[in-house]
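A.B. asks: If you want the building blocks of each chain, they are given just below.
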Amino acid sequence: MTKIEVKNVFKIFGSNPKKVFPLLEKNLSKEEILEKTGNTVGVNDASFKVKKGEFFVVMGLSGSGKSTLIRCINRLIKPTKGQILIDGEDVVTASKEKLREIRRKKISMVFQNFGLFPHRTVAKNVEYGLEVQGIDENERRRKAYEALKLVGLKGYEESMPDQLSGGMQQRVGLARALANDPDILLMDEAFSALDPLIRKEMQDELLELQSKMHKTIVFITHDLDEALKLGDRIAVMKDGEIVQIGTPEEILTNPANDYVREFVQDVDRSKVITAESIMQKPIELASPKNGPRVVIRKMKKAGINSILVTDAEKKLKGIVTIDDAVELAKKDNENIEEIIKEIPTVSPDTPIVDIMPMSAEADYPIAVINEDNRLLGIIVRVSLISGIVGEGN
Amino acid sequence: MLTLNIGQWFEVFIKWLKDNFEGFFDIVKNVLESGIVGTEDLLLLLPSIVLIIAITLIAWKSAGRGVAAFTFVGLLLIDSMELWDDTMKTLALVLISALVALIFGIPLGILAAKSKLVDKILRPILDFMQTMPAFVYLIPAVLFFGLGKVPGSVATIIFSMPPVVRLTNLAIRQVPTEVVEAAKSFGSTSNQLLFKVQLPLALPTILAGINQTIMLALSMVVISAMIGAGGLGNQVLKGIQQYRIGLGFESGVSVVILAMVLDRITQAFGNSK
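Residue numbers (the working numbering), protein chains in the order written: chain U, 11 to 403; chain G, 81 to 353.
Simulated from the structure, these hints should not be mistaken for laboratory data. Ideal placement from N, C-alpha and C gives every residue a C-beta, glycine not left out. Treat the hints with caution; some may be incorrect.
Stated by the list, open to error - Below, in silico cross-link-like pairs of lysine to aspartate or glutamate (EDC-like), each with a Cα-Cα straight-line distance of 16 angstroms or less:
id	chain 1	residue 1	chain 2	residue 2
1	U	LYS88	G	ASP106
2	U	LYS159	U	ASP191
3	U	LYS239	U	GLU211
4	U	LYS40	U	ASP249
5	G	LYS276	U	GLU141
6	U	LYS61	U	ASP97
Stated by the list, open to error - Ranges of calculated distance between the beta carbons of each label pair, as one might list FRET restraints:
id	chain 1	residue 1	chain 2	residue 2	range
7	G	VAL198	U	LEU207	44 to 54 angstroms
8	G	VAL130	U	ALA203	34 to 44 angstroms
9	U	SER280	G	VAL198	56 to 66 angstroms
10	G	PHE184	U	SER221	56 to 66 angstroms
11	U	LYS59	G	PRO256	43 to 53 angstroms
12	G	LEU82	U	ASN37	53 to 63 angstroms
13	U	ASN26	G	SER195	18 to 28 angstroms
14	U	PRO367	G	THR269	52 to 62 angstroms
15	G	VAL198	U	ARG152	40 to 50 angstroms
16	U	ARG271	G	PRO280	44 to 54 angstroms
17	U	LEU207	G	PRO280	29 to 39 angstroms
18	U	MET170	G	ASP207	31 to 41 angstroms
All chains, please: the whole structure from these sequences, using the hints.
C.D. replies: As structure tokens, this is what we get:
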């Protein structure tokens, strides 16, 4: 279900945005347009959809228009052209009252430098969104305390923001955004002002919160590692344009252009690429009903010296080696279930970094199975290595 | 070379105002006069020592022991120079004029902060108000209101208003963008934004503006003795006209003491926030 739909949104800063559109159609660059018209192109024809409950990351360097784009979603900045639909309602053309309603009930925002109200206590900061709605004092206090507890700030309710560390201040920002229970969270470089260790901690906690709350999150960052870690999908922006949208793996394995390729060059791929994208289809499979001679013939034909055994529902039973099969055939025993050995298995979303040590110890390929024990594919050492260097697929 | 009689046109304009808005000027005159006289009566109702102690206590509460001690000694000195009544008359004129200046100045500052257009229009007017020699205000003030306290007060209001307008404007514009965005992003109305976020954060700077306005009001009140506003300025004027150096010095010192007391107390309000 689509929660947010951004349709051909443009934002031109300057006195005469109308002049800019024909130039954009002629594919002039941002710099050329600034020189010719004195207008700055903030966002250039951005379109994307965010599903309900999705963690959507917009990534780009400073000046790429990502902060402008996120501010268009709750109309802190009004787009020059285009539509932004939230649950099918256009924010761009909404009346003042409607917009206020959407901001109060549906969307909250977390800011890079926290944007806390320095003259209010932590609890009063968190209450703010409820206070402007005219919600009764006891009720909003209760909700504020609840939200603060959720982000681990119990006991700090009556502190002033400037008494807290940066990480704690951003927790207040997050609690404030969660207090009025919005469907959508907009996070503008929310963790960029924090030092690396705190940042990592906050990322982990956000992911954990998200696994419980299932909010629709639009997260802005300039940090690729952060984008890859958090995003279900990532939009890469450059000069106001979205150059690629895809899952972290798609972005890494299949960069849309040189810009993205250069960007993802230095990423530690082993943390991002998962079993699913490097696994191969097994050449041949055996059934537990097969006799040893059938199994031996299958291996001979495929040129392999061990074979995976799956049942009729494709559930993994284990592996049979050629030596054991030959032994069994000599004894005239037809039941291969006796010689099936266990092999290491992983789920499809296991990152390569976790598969490596298993692969080093294992004598056989690693099986990729889903939660029903159904075989999805196998991973051999060669595909692991090619996955890391980015040659695979 | 073309000669323009701007002075003459201004005279015509002032005359036209006077002829057509007499009723309005009368109302202004009555309101201001009763305000000033009422405050004067109130301040002179109590024996000087009671008031001195009261002001000292205010100074103590707001600005601490040092300022309180200075206030007490300074005001006693004024009293002992037999300039107490004139000082209170000056204070009454300052308080009422500054109050009116603030009543108009702060909202104007807020409007200028919220609207680029108002800011653009207001800027040259404020420049004009601040740089025009103070004496020049006295002439039209006399034309509209005759001689006395009211024209003095009107000239003072005009002269002392710019700082509070400018600093209120600046103070609101200086509230960090992200904080304002945060308030908006939660669906604040513009009044909620103003009263819950912008004004509280702007308050220290606005108080600095209020302090400046009071100081300017005091300096103008002294000048407006030239048109019969009375008070300490009158004593200064006497000192000049009659070449009485002693009287001039005494009343000058009284003005300085009053200025310092007002300044320290209003500044303390600004810093405590």
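A.B. asks: If a hint holds in the structure, say so; if it does not, say that too.
C.D. replies: Structure-based check of all given hints:
About 49 angstroms separates the Cα atoms of U:LYS88 and G:ASP106, which puts this hinted pair outside 16 angstroms; it is violated. For the hint pairing U:LYS159 with U:ASP191, the CA-to-CA distance comes to about 14 angstroms; that is within 16 angstroms, so the pair holds. Taking the CA atoms of U:LYS239 and U:GLU211, the gap is near 12 angstroms; set against the 16 angstroms cutoff, the hint holds. Taking the CA atoms of U:LYS40 and U:ASP249, the gap is near 7 angstroms; set against the 16 angstroms cutoff, the hint holds.
Note on G:LYS276 and U:GLU141: the hinted pairing holds, with a Cα-Cα distance of about 10 angstroms set against a maximum of 16 angstroms. A hinted pair counts as satisfied when its Cα atoms are at most 16 angstroms apart, and U:LYS61 with U:ASP97 qualifies at roughly 10 angstroms. Range check, G:VAL198 to U:LEU207: Cβ separation about 48 angstroms, and the 44 to 54 angstroms hint holds. The hint said 34 to 44 angstroms for the Cβ distance between G:VAL130 and U:ALA203, and at roughly 56 angstroms that hint is violated.
Remark: the range hint 56 to 66 angstroms for U:SER280 to G:VAL198 is upheld by a beta-carbon distance near 60 angstroms. The hinted range of 56 to 66 angstroms is satisfied by G:PHE184 and U:SER221, whose Cβ atoms lie roughly 57 angstroms apart. Hint check: U:LYS59 to G:PRO256, Cβ distance near 33 angstroms, so the stated range 43 to 53 angstroms is violated. The given range of 53 to 63 angstroms is respected by G:LEU82 and U:ASN37, whose C-beta atoms sit roughly 56 angstroms from each other.
Distance hint for U:ASN26 and G:SER195: a CB-CB separation of about 22 angstroms, consistent with the stated range 18 to 28 angstroms. Range check, U:PRO367 to G:THR269: about 59 angstroms between beta-carbon atoms, so the 52 to 62 angstroms window is met. Separated by about 42 angstroms at the C-beta atoms, G:VAL198 and U:ARG152 satisfy the suggested range of 40 to 50 angstroms. Look at U:ARG271 against G:PRO280: about 50 angstroms separates their beta carbons, and that is inside 44 to 54 angstroms.
A hinted range of 29 to 39 angstroms holds for the C-beta pair U:LEU207 and G:PRO280, which are about 34 angstroms apart. Hint check: U:MET170 to G:ASP207, Cβ distance near 39 angstroms, so the stated range 31 to 41 angstroms holds.
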